[in-house]
Structure formats: structure tokens, C-alpha cells
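Participant: Here is how the chains run, residue by residue.
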Amino acid sequence: MINYQNTLKWWQTIKISWVKHTAYRLNFFLQIIGPALVFFFVKYNLWTSIFNQSNETIIQGYNLKQMITYHAWAFIISLIAQGHGSWNLSEDIRMGRISSYLIYPFNFWEFHTASFLSFQSIQLIIAGFTLFLFSFLNIIAPFTTQLLLTGVLFTLYVSFFWYLTQFFTGLLAFWLEETWILRVMLQIIAVFLSGAIIPLELYPEWLVDILNFTPFPYLSYYPIQIMMGREVSLINGIGIIGFWIVFLIFVNRLIWKRGLKLYTAAGM
Amino acid sequence: MKYLEQLKHYFHVYRKFVSTSIAVNTSFRTSFVLLIVMDFITFLTTIYSIDFIYNHIETIGPWGRNELLFFALFMLTIDNLHMILFSESFWALSFDIKSGALDFTILKPMNTIFSVFFRYFRPSSCVLTPLYLFYLIKYGNLVGLGAIDWLLLPLFIFGGLTILVLIEFCFCSAMFWVTEGIGIKRKWVVHVRNYSTLIFIIGLVAIWSTELQAFALSIVAIAAALVIATKELILCFLGGFLRASNHPFSIGDRIEINNYRGDVIDTNLLTTKIMEIGPFNVTHQYTGRAITIPNSIFLNTAVVNESFMDRYVLHVFTIPFRKEENWRKAEKMILEIANQECAPYIEKARANMERMGRKEGLDVPSVDPRVTYHVASFEEIKLVIRIPSPSTQKGRAEHSITKKFLESFYPHQED
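Protein chains in written order, with the numbering used here: chain A, 1 to 268; chain B, 1 to 415.
It should be emphasised that the hints constitute simulated quantities derived from the structure, not laboratory data. Be a bit skeptical, because a hint or two may be false.
[Said to hold, decoys possible] Pairwise CB distance ranges, derived in the manner of DEER restraints:
hint: 1; chain 1: A; residue 1: Phe243; chain 2: B; residue 2: Leu142; range: 41 to 47 Å
hint: 2; chain 1: B; residue 1: Gly357; chain 2: A; residue 2: Lys20; range: 40 to 46 Å
hint: 3; chain 1: B; residue 1: Pro130; chain 2: A; residue 2: Asn63; range: 26 to 32 Å
hint: 4; chain 1: B; residue 1: His12; chain 2: A; residue 2: Pro204; range: 51 to 57 Å
hint: 5; chain 1: B; residue 1: Leu44; chain 2: A; residue 2: Lys20; range: 32 to 38 Å
hint: 6; chain 1: A; residue 1: Ser99; chain 2: B; residue 2: Phe95; range: 46 to 52 Å
hint: 7; chain 1: B; residue 1: Phe11; chain 2: A; residue 2: Pro204; range: 45 to 51 Å
From a predicted model like this one, the values you see are computed outputs, not experimental measurements. Yeah, the Cβ is synthetic: ideal placement off N, Cα and C, and Gly gets one too.
Between the sequences and the hints, there should be enough to build the whole structure, so can you do that?
Facilitator: Listed below in C-alpha cells is the structure:
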């Protein structure tokens, strides 16, 4: 799908997208970082209060320090893995703006993927700064460089899957009036089932067994386990997410082709 | 009576808002169903998040499972009402600001806050309201609510909804400064709201369960101190609110309040600025001074709006005579001059008065110039002249008539 002769176009698109994202910094903060930050502090308060009843309390293998570390990592991982929203994608389709992509020598997929890469580079910097801050404030337990590197690489891999999912929901704009509902629905389900709110150890076992066949735990829970140095089958994670990536690429191509047949330049 | 009419009018408009929203929402059936599914997923994830936590612990602070679930359902019910009545309007606002469509809303002949925040209604969220209410009642029974508690519950729901809307209103104000209202709205409202609000309250209650009581007492003392310290500011704010809700005048109107007279050039929450006209209320020229009036004045002082009749107003002025002078002749001369002076615009003034009469439900006043007598004392008689005039040219019209009359009435007076 990626034409490597187009490297310069990719580079220019990434640069332009970077400028666009960082041009309105307050807006960027409110849209991307603000909610996650609030969410983290809320969770911090919640778990502190739960564990405060007894400092010796261990809930499903987590003491207070480990639980806070878990949520600190969840915050950092959410910045990298689930940050990208592809908000404009469906609007481009609905408003008829994809006509230009059909005649450009740089197609719709390439343009949005380049924007995604640009966005991820910003998110990586923010995540790095956040990690530094958490370490400095002793919120997060010590970790090794190897764990960090493995965790970040795996999270980036997962973020590509998330991007494809967003791309998939965006493409449904060929048929749906509003796709934000689907995106929000997916977001709510993903946050709930990925262990971003509470660790999966607290979920019923039968549910966790089912979830392991879905990509959801790999969005938050497994990257966190890697960062925390817990034993995780990395091969399994790579395999399952890889399967979903291949599946989504195939589905997205199919939807794009079918959708284009319905498309008129005046929009949907 | 006027307020009752206005209330009826707004109620009628709101009914139209609701019916058009229902028509629009139900015409996109897939989106309609998806919205219901989305709300249902929110409901399930919230309830199960609490349930999963309580599978491993007994209490959070003093809260047991049922208490917290009751509280969560209380919050979800408020949220549901908010989604039905306000959420769409808040979301639309960011797009309206960005696209400039807000201009059209502001131009509409009704309260802007009403037309902005009550414009959209979300019927899809009504579908789940019985579910929320059913579980609210179920868990209310489980936590053993008494008769008074049940009576107070709707009141608390209404109070909670009001607070939520007011907080959201504050957030919305930021939309005027950021490029994407979505940053504040959709992300904050959907993502944060769905989980954080609930967990935040759990956390808040759990952390400060004992301190909350002490806080409730101390907050009264703090509030009292704050009120005393900021009394003037609060009065100004209330005055501003009174002015905004009653619309006694608009920008550009000529008003008089407490001996301050002038054209309104700016209004904000705390003050009103006028360009002074004077001296006193007999002249119509700018003195060159701007007066900033604290809004608290509107709470206990009557406002005279000289521009109430819109573009054309009725202007009254007097010319005094000694009784022995020929005031009958003067009356005829003044009337003749006034008729000539007003002839270029009298039909426009008449149409304006008729329009205002229809709008305000008044008997249309005659716009033809007229002169009446006022016996001020044994020696003096005053001719009271009433003329129509463009609202911005009252002084000029008065001056022109007076000058022409004096020149005709005293033709031999030397320079």
C-alpha cells in the first residue's frame, strides 16, 4: 500500500501535519492531554482511598504502589496507543473533500497515515516528558531501559492497530450520517475492556479468558504488564494484534473500494 | 400579563424546537439506534466497573456496593436528562462559533441563551430513561430511602442537573478562545464524563467522607465571609443579570439613570458605560465624557429609556411665555414650523410607531406635531411641544424649530 518512491511526499505531509497539530497548543492540550490527565488524577484518588483503609491491603496481587504504577503506565500508554482519533477522516468523506485525494499522486490512505505518524511523534515526546515527571515525583516504580524499550515498541505496534480501527470507523462515513458515535462507542468499550480503568485481574475469570482472544487487553493491560516487568507472552500479543492488523487492512481496502462506488464529489 | 405572554411564546418556540429535533433525529435511523446503543454501553460499563471493584473489596470509605450503585444511578439519571435536554445544543455551539452560524442565532428576536442552549433535543436518550429510573428506584429501595428522601429525590436530581449545566456553561465560554470546541466538548463530555465523573465522586466521597461534614459547616462560614467581602461585586453581578434578563435597554439607546444621562456604548457583567449627554436632560449633545455605571444601580433605581420607540421617538420640549404675550399666535407658528420640520420623515415615523404598537401591544400614539399648554404660574404659561423625531436627532429638531420660531416671532430683534 505504501509507495516508497513517495518518501519526500510522506516527509512533507508529516511536517505539515506536525505544524497543524502544534499550531493551536491550548486546543491540542484540551483535546488530547487534558482529559487523560484528569482521568489519571481521578483514578489516583480513587485507588489511594481504597487502599487507605489498610496499608497492608493487596487486591488481586496489587498493593497501593503497584496499583498507582499500573495507572501511571496506563496514562502514558493511552497517550501513545489510543491517542489518534482520525476525527477529520469521516468529515472528508461526508463533505466530498476526498475528491482531491483521488487525483493527487498521494492518496487518501497515505495522507492520513502520514498524519498519524506525525501525531505519534508528538505523542511520544509528550509521553516521554510525562514519564520523566512521574519518575521525578516518584509516582511510578523504577523500571529498566530494556523493559521501557520493549514496552514502547509494543505500544507503537498496538497504536498502528488502533489507527486502523479508527480508519475503519471513519470509512463507514460512506454509509453513515455520523461516525463519531461509533468511535465513541469503540472508545468506551476499549477503555473498559482493555484494563485501563481497573486491572484485568479484577475482572471475572471467564471474561478475561474471552478477552484474551480479542485485541482489547493488548491496548492497555499487556503493554502495562511489560513496562511493570511482569511475565507476558509477547509472541501471543504480537500474533493476535498482527492478525487484527492484517484483517483490518483487508477490510479497510474492501470498504474503500465499495465506498468509492457510492461516492459523489458533492459528498455523501 | 406580559411575562405570561412571553412565557407562552417561549414555550411554543420550545415545542417547535423539540418537534424539529425529533424529526431530524429520527430521519437518520441508524444514527438514532447507535446513540441508544452508545448510551446503553455507557450504562453497562459504569455499573460493571463498580461491580467488579466490589467483588474484591467490601467498602470504599463508608460506601457499600448498594450505596455506590444508587449514587451512580443518580448521576446517570442526571446525565441522561442532560443528554436529552442540553447536550446537543452544547455541541452545536462549538460548530456555530467556528462557522459563524452563531450570528444568525444572535439575530433572532428572542433570548440568545434560550435559542443557543435549548435549541436541540435528543429523543434517542429518552429511550433509556425508564431503565435509569427503574434501577434508581430499585437501589433507592435497597439503601432504604425514607418517604421524605423519595420526595426530595426529584429536587436533588433537578439541582444536580442545574449544577452540571452551569459548569458546562463555564467550560463552553472557553470555546470563544480555542479553535476547536470539540476539544472542550466532545472529548471532555463523552470520554471524561462517562468514567471520570463517577470515579471522581467515588474518590471524593471516599477520601473526604468525614471531612465533608466539617467542610459543609466551614463552607457556610467561608461563604458568609466571601459574600461580605465581595458584596459590591455580587450586587453588580446581580444588577448585570437583571439588566440582561429584562433588557431595559440595548447598546446605542439613550438612557437616564440617577441623573446620569447618555448613549449606551458598552455593557458587561459588572458595569455599563455611557457617552454622557447634557448638561441636564434638556440638551441633546455629547459632553465628551464617558460614564461607567456599576450595574448594582439597576437593582434599586428606575431606568429611563429615551430610545424605547426605536428609530423614531416622540420628543417633548417647552417654550415659556409671559401671559401678556401673544401665545395663541405663538402656538400657531410653532405648529406650522414643526409640521414643516417633520414633513420629510413623518410617514416613516408613523410606520415605526405602528410597528412598535403592534409589537408591544400599545395604542399607537399620534405622531402629528402638537402643542399643549401648561400654566406654570400666574405670570407664566408654557407651550409644551411634542414632535416626532429620529431618535438620534432630537436635539437638532428641537433646536431648528426653536430657532425658526424665535426668528419669526421676534423678527426685529437685533444681533
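Participant: Work down the list of hints and note, for each, if the structure agrees.
Facilitator: Consistency of the hints with the structure:
| no. | hint | verdict |
| --- | --- | --- |
| 1 | A/Phe243 / B/Leu142: 41 to 47 Å | holds (44 Å) |
| 2 | B/Gly357 / A/Lys20: 40 to 46 Å | violated (56 Å) |
| 3 | B/Pro130 / A/Asn63: 26 to 32 Å | violated (43 Å) |
| 4 | B/His12 / A/Pro204: 51 to 57 Å | holds (53 Å) |
| 5 | B/Leu44 / A/Lys20: 32 to 38 Å | holds (37 Å) |
| 6 | A/Ser99 / B/Phe95: 46 to 52 Å | violated (23 Å) |
| 7 | B/Phe11 / A/Pro204: 45 to 51 Å | holds (50 Å) |
Violated hints for the displayed structure, listed by number in ascending order: 2, 3 and 6.
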